[in-house]
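Go ahead and model the full structure; you've got the sequences and the hints to work with.
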Amino acid sequence: MNAVPSPLRRVAVTGLGFITPIGNDRATVTANLRAGRHGLVPVEFLGNPDLPVKVAGTVKGFTVDSPSWRNWIWPPEYEIPRETLRGLAPHGVYALCAMTQALHDAGLSADAIAGDDTTGLFCASAGSAMLLHHNLAQMHAVRGERGNPMGVVSSIAGTLNFTLAAHFHITGAVCGFVSACASASHALGYACDEIQLGRLQRVIVVGAEELNAETLLPFAAMRALSGASDPVLASRPFDAGRDGFVGAGGAVVLILEEAGVAAARGARVQAELAGWGQAADGHSVVMSHPEGAGLRRAMLRALAQAGVQPADIDYVNAHGTSTPVGDRAEALALRSVFTDAGAHPRVSGTKGLTGHPLSLAGAMEAAFCVLSLSEGFIPGNPHLVHPDPACEGLDLPRATVDVAPRVVLNNSSGFGGSNVCHVLSSFQRCWKL
Amino acid sequence: MPPQPTSDSAAQLKRFPVEVREAYQRFRSTGDITALHLVVLAVVRDYMPRPVELALTDEMRLIDDLGYDSLAVAETVFFLEDLLEVRIENKELVQVRTVGELRGFVTRKVEQKRSAAA
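Those protein sequence lines, which keep their order, are chains Y and W.
If you're matching positions, the first sequence starts at 142 in our numbering and goes up one per residue.
If you're matching positions, the second sequence starts at 92 in our numbering and goes up one per residue.
None of these hints come from the bench; they were simulated from the model.
On a predicted model such as this, the values are computed, not experimentally measured, just so you know.
By construction, the Cβ of each residue, glycine as well, lies at the ideal position given by its N, Cα and C atoms.
Hints may be right or wrong, so weigh each one.
Quick list of the computed label-pair ranges, beta carbon to beta carbon [what the hints assert, rightly or not]: (1) W:Thr198 - Y:Gly188: 41 to 47 Å; (2) W:Asp160 - Y:Ala484: 22 to 28 Å; (3) W:Arg188 - Y:Pro193: 30 to 36 Å; (4) W:Arg188 - Y:Leu277: 29 to 35 Å; (5) W:Arg152 - Y:Gly407: 58 to 64 Å.
Here's what the structure looks like:
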């Protein structure tokens with residue numbers, strides 16, 4: 142007898158949590174996204190005003206710049222026990238706060254997920270370069286004789302999965318993703334698969350990143366950062382005058398649930414994650430393929446899995462980091478997928494407002510897409526003045542568009558030519574299909 | 092002569108109450124072991140993963156009574172190593188089960204160091 146594969150299950154987004162440069166709660170993020178208000182502020186690293194890094198998307202309301210957790214300050218509404226705190230990285234503090242928010246947004250208690258074998262946790266983090274550097278410097282100073290027992294778990298790339306899984310008592314599955322600026326998008330994609338395949342009923346997807354000298358300045362050495370000191374000019378995806386990205390930190394959490402499970406507990410379904418796709422450039426360790434070949438294929442694969450055509454997409458949240466090469470490649474890939482097919486979705490790069498939070502980017506922008514779908518607006522490109530000629534034919538609105546999109550696409554690209562795209566659709570569409 | 096406090100040691104105790112810092116200075120300047128005990132108790136309390144307001148007694152077991160785990164024991168011992176400039180081996184570490192054993196153990200280590208220096 143031949144086994145008959147069961148139809149894929151559907152994936153609902155039921156909760157969001159935000160610690161971002163444009164706000165530390167859903168309402169503030171929505172208001173700033175809608176108003177086109179950026180969260181970029183002047184910064185100085187290592188006490189050196191001569192560095193060519195003048196602005197960044199900082200997280201407000203937290204003080205986590207010390208290598209010792211004992212000096213950290215976070216908003217008082219979040220309770221972080223010492224047992225958890227001692228193993229966290231600075232971005233782990235952001236992540237724990239964002240996850241607490243997301244659970245609340247989803248109407249889930251911490252008790253509901255603790256020890257629930259159907260709930261998994263997928264995280265994206267590059268680790269904490271600051272803590273790693275501090276711990277290794279200490280190790281060298283004492284010639285390897287002793288160190289911080291929490292040094293490994295608080296600093297290596299899996300730190301979010303280790304610490305959040307222990308804190309929230311996750312028993313379904315725990316996993317981490319490292320693909321640079323596509324990391325959180327991979328986490329979200331594979332979380333979608335786990336639910337569609339019936340392996341898990343709920344996956345909490347976490348992306349987080351630190352903003353400090355150790356994380357950001359190595360990108361200055363690559364000449365990847367904007368040197369502009371005016372926040373409005375520094376991060377302007379798709380503008381002809383763009384000169385690099387602006388760093389950012391924070392954490393964003395999305396809670397995905399199998400649609401039937403979400404319906405059974407009366408959860409508010411905010412969007413459907415309808416499908417995703419990925420493809421690689423096979424071109425360079427750092428640079429995008431000049432015509433965005435991998436990103437183009439990733440978009441087409443995402444559309445195919447979601448069962449939608451280019452013309453169905455109302456909005457694309459572009460990867461758009463504001464780098465000369467990356468934005469051009471993405472613009473050409475978008476033209477190939479959409480313009481050449483006679484489709485004209487609105488396109489915006491919300492990193493113009495937030496800066497680029499590296500591993501976190503894909504989760505943050507997927508969550509922005511959910512806000513766009515559930516709150517009924519399309520974010521604009523308020524810093525865009527002179528679009529790059531490579532964008533000819535793309536609809537890049539400057540201001541927010543007060544139209545509710547039905548189907549949206551979220552793009553991410555990372556080092557090594559890793560490209561990941563998600564298709565998300567509105568609540569109404571989700572339940573009509 | 093007892094070893095002089097280093098600036099690092101003083102900085103490490105910055106987060107502790109003034110009476111603990113004074114006790115540490117007293118131990119450093121006079122070798123007063125009673126003062127050292129007060130410091131050790133403060134450090135034990137400081138590294139409890141789930142702090143509770145309990146008067147610490149020698150009989151209390153770090154793991155079973157005070158909520159310590161093996162990582163917290165290691166954190167405590169490493170902190171004391173740095174503070175008191177002594178070396179504690181792993182096999183010694185696993186023998187420390189109670190507050191009293193830790194206190195006695197640290198005292199012996201400090202005394203061994205003094206005899207070696209004499």
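Consistency of the hints with the structure:
{"no.": "1", "hint": "W:Thr198 - Y:Gly188: 41 to 47 Å", "in the structure": "43 Å, holds"}
{"no.": "2", "hint": "W:Asp160 - Y:Ala484: 22 to 28 Å", "in the structure": "56 Å, violated"}
{"no.": "3", "hint": "W:Arg188 - Y:Pro193: 30 to 36 Å", "in the structure": "56 Å, violated"}
{"no.": "4", "hint": "W:Arg188 - Y:Leu277: 29 to 35 Å", "in the structure": "32 Å, holds"}
{"no.": "5", "hint": "W:Arg152 - Y:Gly407: 58 to 64 Å", "in the structure": "46 Å, violated"}
Checked against the numbered hints given earlier, this structure breaks hints 2, 3, 5; the rest are met.
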